[in-house]
Structures are given as structure tokens and as C-alpha cells.
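**Q** Next come the chains, spelled out residue by residue.
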Amino acid sequence: AQSVTQLDSQVPVFEEAPVELRCNYSSSVSVYLFWYVQYPNQGLQLLLKYLSGSTLVKGINGFEAEFNKSQTSFHLRKPSVHISDTAEYFCALGGTSYGKLTFGQGTILTVHP
Amino acid sequence: NAGVTQTPKFQVLKTGQSMTLQCAQDMNHNSMYWYRQDPGMGLRLIYYSASEGTTDKGEVPNGYNVSRLNKREFSLRLESAAPSQTSVYFCASSEWEAYEQYFGPGTRLTVT
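Residue numbers (this note's numbering), protein chains in the order written: chain E, 389 to 501; chain X, 1280 to 1391.
Everything labelled a hint here was simulated from the structure, so no lab data went into it. Be a bit skeptical, because a hint or two may be false.
Pairs of lysine-lysine, BS3-like flavour, derived with a Cα cap of 30 Å [what the hints assert, rightly or not]:
1) X:Lys-1350 to X:Lys-1336
2) E:Lys-457 to E:Lys-437
3) E:Lys-446 to E:Lys-457
4) X:Lys-1288 to X:Lys-1350
5) X:Lys-1288 to E:Lys-437
6) X:Lys-1293 to E:Lys-437
7) X:Lys-1288 to X:Lys-1336
8) X:Lys-1336 to E:Lys-437
9) X:Lys-1336 to X:Lys-1293
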């Protein structure tokens, strides 16, 4: 069985500060990992993905994530956040049949001025 | 391209009423999915369709039915709505195995 745990339900941070959103996973099959962002009252938008290759992946809006197989983690980072980054972020795990994803519970990032 | 579209955007039902949520994608994807989103629980898969003509249960299928009408369209039906089905419903589509999913804007459903 697959599972995803996002370790923080809410992360408050000041504008221009760095941020890390933590994600751990459990899987017995090949691992494909995703981070999605959801702005208020909108659908989910893909930030970045890890399918294979380099363990450091870069996404849109200056975000990056590092796949760590030994720690079973896929943490999302940004060196300097903006007010516009305020949103809910979801880590998701794939690798089973037909592209099904298992989502974490979500982390609400709030950027304060 | 419109991507993934969903109708309606909002709906209020009384307990026991039925309704169908519509979803369509124009990206020629094989697979389509229905999720529900509840606070603090992430997205949970209700049903999915790996390809036209096939559907399978996900994590929380009770109280729902689906139809893959053709490659573009995948509908979700609530036969007898219950307050526990108050949620935001998302449709998504993807290409085969391990590719990212593309999401619609969601339907906010309230059952009173």
C-alpha cells in the first residue's frame, strides 16, 4: 500500500523568508512524486514532478524539491517566498497502475508581509 | 485548449436528491479520475477510468456511480445525496502510467 504524510498542516512565514514544506512517503513499488499547488477556490496546478534521474527537481515559480530515497522524503523548498505563494500545497505519490495518485493531507502556506 | 472542464461550479441538494457532475477533457488523455476534497484529508479518489469503456473503484466509492461516456467525458452520479457527501469534487485526466494529472476547477456541492 502507498501512503503520503505531509508533516505540517500549516506553515506561516514572512515575505522573502525561505520555506520548506515536508513530505514523507511509503511505497512498495516504483516511486513517482509530485507537488501540486491550490490557490483559493481553484483546482490543483502541478508545481513539479520527480519521475527518475536527478534527485533535485525544479518547478515553476522558483520552487524546487529533492527526492531522498533513503529518507523516503520529497520536501519542497523555496529560498524566498512572496505574498502570492499563499496557497495550499499537496504532495502526491504515483507508481501504481493507470496513473493513480495518493495525496497527502495538504499544507497551508501563509506568507505574511 | 480548455483542458479539463467541470459543470456545475456550485450545487445545493436536499438529502435524497440525485444529480450528475459532468467532466470533459480535450487533451486526448486515456485516464480520468474523480476525487473529493475535504478539509484536512487531502484528495481522495472516488472512481477512475483507465481507458474508454472501463471504470474502477477508488478509495471512497460508496454512494457514487460513474460513466465513461467516451474518451472525453467522465460523469459522476449521486443517486441519493447525503450530508456526508458535502464536499468539493475534482475531475482530473492523465496520460498512461505515472504521468501527472490535470485538474478541473472543481464543483462545490452542499447537501442539506
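**Q** All hints are to be evaluated individually against the structure, with a verdict given for each.
**A** Outcome of the hint check:
Straight-line distance between C-alpha atoms of Lys-1350 (chain X) and Lys-1336 (chain X) comes to about 18 Å, which keeps the hinted pair within the 30 Å bound. At most 30 Å may separate the alpha-carbon atoms for a hinted pair to count; Lys-457 (chain E) and Lys-437 (chain E) meet this at roughly 15 Å. Distance check on the hinted pair: Lys-446 (chain E) and Lys-457 (chain E) sit about 17 Å apart at the alpha-carbon level, within 30 Å; holds. Using a Cα cut-off of 30 Å, the hinted pair Lys-1288 (chain X) and Lys-1350 (chain X) holds, with the two alpha carbons roughly 22 Å apart.
Annotation: proposed proximity of Lys-1288 (chain X) to Lys-437 (chain E) holds, straight-line Cα distance about 28 Å (limit 30 Å). For the hint pairing Lys-1293 (chain X) with Lys-437 (chain E), the CA-to-CA distance comes to about 40 Å; that exceeds 30 Å, so the pair is violated. About 24 Å separates the Cα atoms of Lys-1288 (chain X) and Lys-1336 (chain X), which keeps this hinted pair within 30 Å; it holds. Restraint check: the Cα-Cα separation between Lys-1336 (chain X) and Lys-437 (chain E) comes to about 26 Å, which is no more than 30 Å; the hinted pair holds.
With a C-alpha separation of about 25 Å, the suggested pair Lys-1336 (chain X) and Lys-1293 (chain X) falls inside the 30 Å cut-off, and the hint holds.
The structure does not agree with numbered hint 6 stated previously, though it agrees with all others.
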